[in-house]
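Chemist: Now for the letters of each chain:
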Amino acid sequence: MWLRILRGSFYYQRKFIILILISTVMGASIVSALLAVSMEVSGKVAQELRKYGANILIEPKPGLNYLREEDLPKIKTIFWRHNIVGFVPYLYRVVKLDFRGKTAKVVLVGTWFKKSINLPEGGVFKTGLQPMVTGWELKGNWASDKGKTLMLGSSLAKKFNLKVGDLVSLSYGAQTLKLKIVGILSSGGFEDDQIFVSLKAAQELLKAPGKISRVMVSAVTVPMDDFGRRNPKLMSRREYDKWYCTAYAPSVAHQIEEVLKGSRARPVWRIVEAEGKILSKLKLVIGLLVTLAVLASSLAVATTMITNILKRQEEIGLMKAIGADSAQISFLFLAEGCALGLGGGLLGYGLGFLLAGNIGQAVFGTTFEMKLILLPIALISSLCVTLLGSFLPLRRAQKVEPGLILRG
Amino acid sequence: MKIRWFFHLLFRALLERRAQTLLIVLALALAAGLATSLVGLTFGVREKLGEELRIYGANFLINPKITPIGSGGIEFGQVAEEAYLAESRMKLILSDFQREIASYSFKLNGMAQFKQEAIPICGIYFNQLKSLGGGWKIDGKLPKNSSEVLVGASFAERFKIAKGDYLRVATKTKRKNLKVTGIIETGGVEDKSILMNLAEAQDFLSLPDKISQVLINARSYRVSLEALAEHLSQKAPEIEPKTLRQVAKAEAELLDKILKLMLLVTISVILATGIAVINTFGAIVLERRQEVGLLKALGSTNSFIGGLFLAEGIVMSLGSALVGFLTGILLAELFALSAFSSWVALPRMLIFVALGTSITIGIIASLGPVSSALKIDPAITLRGL
Chain E
1 MWLRILRGSF YYQRKFIILI LISTVMGASI VSALLAVSME VSGKVAQELR
51 KYGANILIEP KPGLNYLREE DLPKIKTIFW RHNIVGFVPY LYRVVKLDFR
101 GKTAKVVLVG TWFKKSINLP EGGVFKTGLQ PMVTGWELKG NWASDKGKTL
151 MLGSSLAKKF NLKVGDLVSL SYGAQTLKLK IVGILSSGGF EDDQIFVSLK
201 AAQELLKAPG KISRVMVSAV TVPMDDFGRR NPKLMSRREY DKWYCTAYAP
251 SVAHQIEEVL KGSRARPVWR IVEAEGKILS KLKLVIGLLV TLAVLASSLA
301 VATTMITNIL KRQEEIGLMK AIGADSAQIS FLFLAEGCAL GLGGGLLGYG
351 LGFLLAGNIG QAVFGTTFEM KLILLPIALI SSLCVTLLGS FLPLRRAQKV
401 EPGLILRG
Chain H
1 MKIRWFFHLL FRALLERRAQ TLLIVLALAL AAGLATSLVG LTFGVREKLG
51 EELRIYGANF LINPKITPIG SGGIEFGQVA EEAYLAESRM KLILSDFQRE
101 IASYSFKLNG MAQFKQEAIP ICGIYFNQLK SLGGGWKIDG KLPKNSSEVL
151 VGASFAERFK IAKGDYLRVA TKTKRKNLKV TGIIETGGVE DKSILMNLAE
201 AQDFLSLPDK ISQVLINARS YRVSLEALAE HLSQKAPEIE PKTLRQVAKA
251 EAELLDKILK LMLLVTISVI LATGIAVINT FGAIVLERRQ EVGLLKALGS
301 TNSFIGGLFL AEGIVMSLGS ALVGFLTGIL LAELFALSAF SSWVALPRML
351 IFVALGTSIT IGIIASLGPV SSALKIDPAI TLRGL
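So the protein sequences, as listed, match chains E and H.
With this note's numbering, the residue at position 347 of the first sequence is 347, and numbering never jumps.
With this note's numbering, the residue at position 37 of the second sequence is 37, and numbering never jumps.
No lab work stands behind these hints: they were computed from the structure.
No experiment lies behind these values; they were computed from the predicted model shown.
Errors might be hidden in some of the hints.
What the hints assert, rightly or not - When the alpha-carbon atoms are kept at most 25 Å apart in a straight line, the in silico DSS-like pairs for lysine-lysine are as follows: (1) 115/E - 146/E; (2) 375/H - 311/E; (3) 261/E - 192/H; (4) 74/E - 200/E; (5) 233/E - 160/H; (6) 233/E - 141/H; (7) 257/H - 51/E; (8) 51/E - 137/H.
Construct the complete structure from the given sequences, taking the supplied hints into account.
Modeler: The following block contains the structure:
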């Protein structure tokens, strides 16, 4: 009997029920999509913030002059190896530049432009200056890691009136190297006064085979908190383990020091601190945005439910007239709300999946993953909203006087 | 007569169905308020986040035009002849750019002898430290008087220097005994340097009123850095302004992405609430078939009835727009206060956003039911009465 009424109410009001269902589906899809977004957005923003530049600097321990190039793949063997998104070695020295009889002292930088390295644990890791620095302006091409080519800072090029295609010779001690300029770069920083050649060419010129003077590492890290700032040397065994296994910039740096002999790895504090602060701020902003959106969609769905009951006063009057009591009527409407809520939640989860995917694609170029945990969340929240929306006008429904309403 | 009748019907309709009118106004106000606050925030957040991103430090530099050849990083020592800017002149020029420049700091680089080695000396104003970037890790205190300095962490480690130690440092003409008040770690070239007050550095290096560089935190969300560079070089031909491209680009991209994210969320939320509101509105109009039948039986024309519904929708939309605008502004400010702990400047044209949202939704929502109401045959509808 009761189920028949419910079915009947769905069937005869199908136009209206579809309207309500659309509202609940939209509401639930917004909730689940935005929850998916907020769960993953900090990871995506953290990736985005890596564009500000390397956040860990490795140098030889004070007293030593060089690190060894052959050790570098070991950086990808540390506990947080998957957080290392790139690293570039540099070998620096002041050398003499010769061009058409003019000479000057310049800073020479040997580096990897684009390098694939085989990892000790298998697999290939692609890194180098080209993927790591975004935003530099380049006239011409990147130099290659093999050929006899170089890139020149823009200030230096201006001073010497050097152009792409010119041949210059670099000398250090008795060694001389003739190289062709393939690109002129402009970073805005001191790189504009440097000369970039492949690491191999620099090592040959400086007679420093296999040696490097600095490595810049880009690692995805978690924002620093009070615990992360503590001195690990003063920690208890347990605290130290916790610190070691959290991806703070200093703990990642510490792990790099452990695998690279004679190295001193330090976070670039300007980047690390700023990244942490921006990340927590953005988390707050997006959290607030999601809360606002979720509240608004819930309110909208609740209004739809309220309308549903308000407009069915006559039906309520009729039911009362043929002997239904308030509890039965409430039960009927709550059951309706349940069905709508669950149906809306399920469909909304599916639609939210699409929405989250599209938002992720449009903004970050990768999709947001829809976690399965969001399904019960979508169902429960949609259920709560429809039930709440049904519950509020029920008091009014209970007060309906069948005589008054049915009179017309 | 007809006009009076129209308004009579209009206000009766609104007043008699107080609960439903209220519900519609509420729903419309919700949509309008949401649109107001989210659109307002999307505009305001750019400025706020841009300001927050300034903790990444300088995105703009001023160098002397004749940059010394080979000055590719102070840690390589004095590679060639040095060039300088005049501090007093730079101060004067930069004072004209207060809108574009959030903060700046002067820097003087030089070399001094310590234990038979050339060590970089870096002169800065310690109260400008913040504008150089957020993350300067200092173990100890900032120098207060002329003979106090900070030393970089690598430098301290190498020469086994601790807080409170004294350093004997010399230039060609001067000799100084400096007290170390703290050890600084930045992850940059400062880690290998001695940092002293700029005025002291000028005196010590015998370079009165000279600076090597100005690091600038420019408000790139407000002005293009290229325009700023051009403007600055016009004012002072002897300088070379430069954009720190990586910082500037990362900043622009991040801001763009966050705004895009907010915009997409805003659009989808407004769409979802809009649809719910349209449904509510539609449902209420849908059930007035009998009223429409009665009006028709009494001789009203289709345009009269259509006009009535439309007018009803517009009156409610106007009311909702006002309520929505006010709540929207309140919401946006609450948001800004909790996220950035400051007010956000909202454009006045947001009232049009509120009006636009609620009137659009109001009209769309009444169109469908109105057209179906007009098809009503009074005889059939009223039979059921």
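Chemist: Each hint should be assessed against the structure and marked as holding or not.
Modeler: Consistency of the hints with the structure:
| no. | hint | verdict |
| --- | --- | --- |
| 1 | 115/E - 146/E | holds (11 Å) |
| 2 | 375/H - 311/E | holds (21 Å) |
| 3 | 261/E - 192/H | holds (21 Å) |
| 4 | 74/E - 200/E | holds (20 Å) |
| 5 | 233/E - 160/H | holds (18 Å) |
| 6 | 233/E - 141/H | holds (22 Å) |
| 7 | 257/H - 51/E | holds (13 Å) |
| 8 | 51/E - 137/H | holds (22 Å) |
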